[in-house]
Amino acid sequence: MSYHTIIIVGRLGRDPELRYTSTGQAVCTLNIATDNSFTNRDGTRVDRTVWFRVTVWGKQAETVNQYLQKGRQVLVEGRMNGDESGNPRVWSRQDGTPAASFEVTASVVRFLGGRGDTASTPSDDNAAVTTSSTDFDFGDLSDDDFLDF
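Position in the sequence shown (first residue = 1) + 5 = this note's numbering.
Errors might be hidden in some of the hints.
Claimed, not checked - Pair ranges (Cβ atoms, derived):
hint, residue 1, residue 2, range
1, ALA105, TRP62, 17 to 27 Å
2, TYR25, TRP96, 20 to 30 Å
3, GLU22, ARG46, 21 to 31 Å
4, GLY48, SER27, 53 to 63 Å
5, PRO103, MET6, 18 to 28 Å
6, GLY48, ARG19, 30 to 40 Å
7, THR28, TRP56, 26 to 36 Å
8, GLY48, HIS9, 17 to 27 Å
9, ALA104, MET6, 18 to 28 Å
10, GLN74, THR28, 23 to 33 Å
None of these hints come from the bench; they were simulated from the model.
Heads up, the beta-carbon is just placed ideally off N, CA and C, and yes, glycines get one too.
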């Protein structure tokens, strides 16, 4: 048996895109940016952004589309989707430069941040939308509950 999961916390780079399959199934696409900052050997601060293309399905897709908008912070739990070889999807931009895409299928989408992050939010500031039978709630954990690696 094998298993993998990914947890992403980031901000939406654009508004969600909702569409429906020919069978009427809702599918929503999110573009999520995650940031990482560090100081390199020369003492220069380096900021990096990694983008993830996240696909959300069913009722969860409709709810995500209704309440999220560009700039909103979210936590996504799901699985990575690779190409036929298991690698990120590689493609060419319009200018011909190569690019790669990290693609994720969401099982849990949790809305983060306060009410001030968007104009319309659900009644619970940290609402979770899930189609999974297992929803991980990190709200009750203290710093002592995490392991340092």
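CB-CB spacing for ARG19 and GLY48 relative to the 30 to 40 Å hint: holds, 34 Å
Does the beta carbon distance between ALA104 and MET6 stay inside 18 to 28 Å, or does it fall outside? Given range 18 to 28 Å: violated, Cβ gap about 34 Å.
Using the Cβ atoms, figure out if GLN74 sits within 23 to 33 Å of THR28. holds, 27 Å
Verify the CB-CB distance for GLU22 and ARG46 against the hinted window 21 to 31 Å. Violated, since GLU22 and ARG46 (Cβ atoms, about 41 Å apart) do not stay within the stated range.
Does the Cβ distance between GLY48 and HIS9 fall inside 17 to 27 Å? violated, 36 Å
Confirm or reject the claim that GLY48 and SER27 have a C-beta distance inside 53 to 63 Å. holds, 56 Å
Measuring from beta carbon to beta carbon, are TYR25 and TRP96 in 20 to 30 Å? holds, 25 Å
Cβ separation of THR28 and TRP56, checked against the hinted range 26 to 36 Å: holds, 29 Å
ALA105 and TRP62, beta-carbon distance inside 17 to 27 Å? holds, 23 Å
Quick check: does the Cβ-Cβ distance between PRO103 and MET6 fall within 18 to 28 Å? violated, 35 Å
In summary, the structure is inconsistent with hints 3, 5, 8 and 9 from the numbered list given earlier, while agreeing with the others.
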